[in-house]
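Student: With the sequences and hints as input, model every part of the structure.
Under the working numbering, residues 41 to 387 are what the sequence shown spells out, in order.
Keep in mind that the hints were calculated from the coordinates and are not lab data.
Here the structure is a predicted model, which means the values were calculated and not measured.
Ideal Cβ positions, reconstructed from N, Cα and C, are used throughout, including at glycine.
Be careful, since some hints might not be right.
Subject to a maximum C-alpha distance of 30 Å in a straight line, what follows is the list of computed DSS-like cross-link-like pairs (lysine-lysine) [what the hints assert, rightly or not]:
#, residue 1, residue 2
1, K45, K322
2, K120, K44
3, K288, K278
4, K288, K249
5, K296, K322
6, K288, K335
7, K45, K249
8, K311, K335
9, K246, K120
10, K311, K322
11, K278, K322
12, K335, K278
13, K278, K296
14, K296, K311
15, K284, K249
16, K44, K284
17, K322, K336
18, K45, K284
19, K44, K99
20, K246, K288
21, K246, K336
22, K120, K322
23, K249, K296
Computed spacing ranges between beta-carbons, pair by pair [unchecked claim]:
#, residue 1, residue 2, range
24, D97, A143, 26 to 32 Å
25, G369, K284, 24 to 30 Å
26, V366, G109, 38 to 44 Å
27, V363, G109, 42 to 48 Å
28, R194, V366, 21 to 27 Å
29, L372, G109, 16 to 22 Å
30, T123, V165, 50 to 56 Å
31, V359, V169, 20 to 26 Å
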Amino acid sequence: MSKKKLSNDEVSYFCEQLSLIINAGIPLSEGAEMIADNAGGGHAAEVAHSLSKSITDNKALYEAMEISGAFPPYAVNMVKIGTLSGRLDDVLKGLSEYYDQMAERLRMIRSAVLHPIILIAMMAVVMIVLIVQVIPMFSDIFGQFNSTVSEAVRSSVNYAYAMGTIILIVLSVILIVSAVIALLSRIPAVRRGLSSFASVFFLTSKTAKVFSQAKFANAMSMMVSSGIEASTALENTKLLITDKSMTKRIEQCHDKVIEGEPFADALNDAKLLPPIYARSLKMSYQSGSFDEAWKKISTRCSDEADITSENLVAFIEPVLIAVMAVMIGAILLTVMLPMMDIMTSLG
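Tutor: Pasting the structure below:
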């Protein structure tokens, strides 16, 4: 069986279908074959066949998922907890919603990154046109004047050509590095490394924190709604978070809960979420609406992450457009100002 991982959308689909199969009273081995038939071939069908075979061999669903090598460790662990607690259906529903949200958020992040890359590529194309067509054209025009005038403006043309070439090289390096990072990010270890770097880099640390908090809140909401106790839920969230500072806070919170400190107080002391959410959880725990409070917190954190992505795109695009306009204008002025001086002197 290939060890290729399923995408977030595919994991969400599998969990949703498996939940429906359980509700319909269909044996999981038969249900997995039904999923394979509907998958229309490809990797998803291979995974479904693998699940069916393992379940037929008297393996539990979480064991079959682990054997396939296609599911994230978090999903496997959650299905194991759901199986042992007798709430597999609830866990599968929660996982389907969770990975659906993760897929949507990943699309927003990719959009936030892709738009600037496209603008940089456009800037590179414009620079190529300037260097190959526009600047040589000005050089030819200046060459038609007498030698004194030609020599006077030659340095300006050469400067514009050199500046355009340097800018093009810088843009090309950015595009190449971005392409290499995009390819390497398909490797889980590299992806975790990039995520850890983003969490400490001063330009991205706040954004990374918002996304980590949304991921944490989504996972906690799903697990609490599935009947998993808070300490176990905290332990499982560490499988999701790649932000080292966030992981340390989760460990601190978990240790305090184990020592007997109220969950909301431990959450606040560890600074996992803003204080207002900790107070909300404390009140909800007293009123018996703990899971509802987590759902609201999860929704708010997800909204904050979505707004952050939108603001990131809204900020980066106009900045890059302005930078592109300044660079192009500077190059054109470098070669046009001498021509204006010549035309003035001729007049």
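Student: State the violated hints by number, sorted upward, taking the hints as numbered earlier in the document.
Tutor: Hints 1, 9, 25, 26 and 29 contradicted; others consistent.
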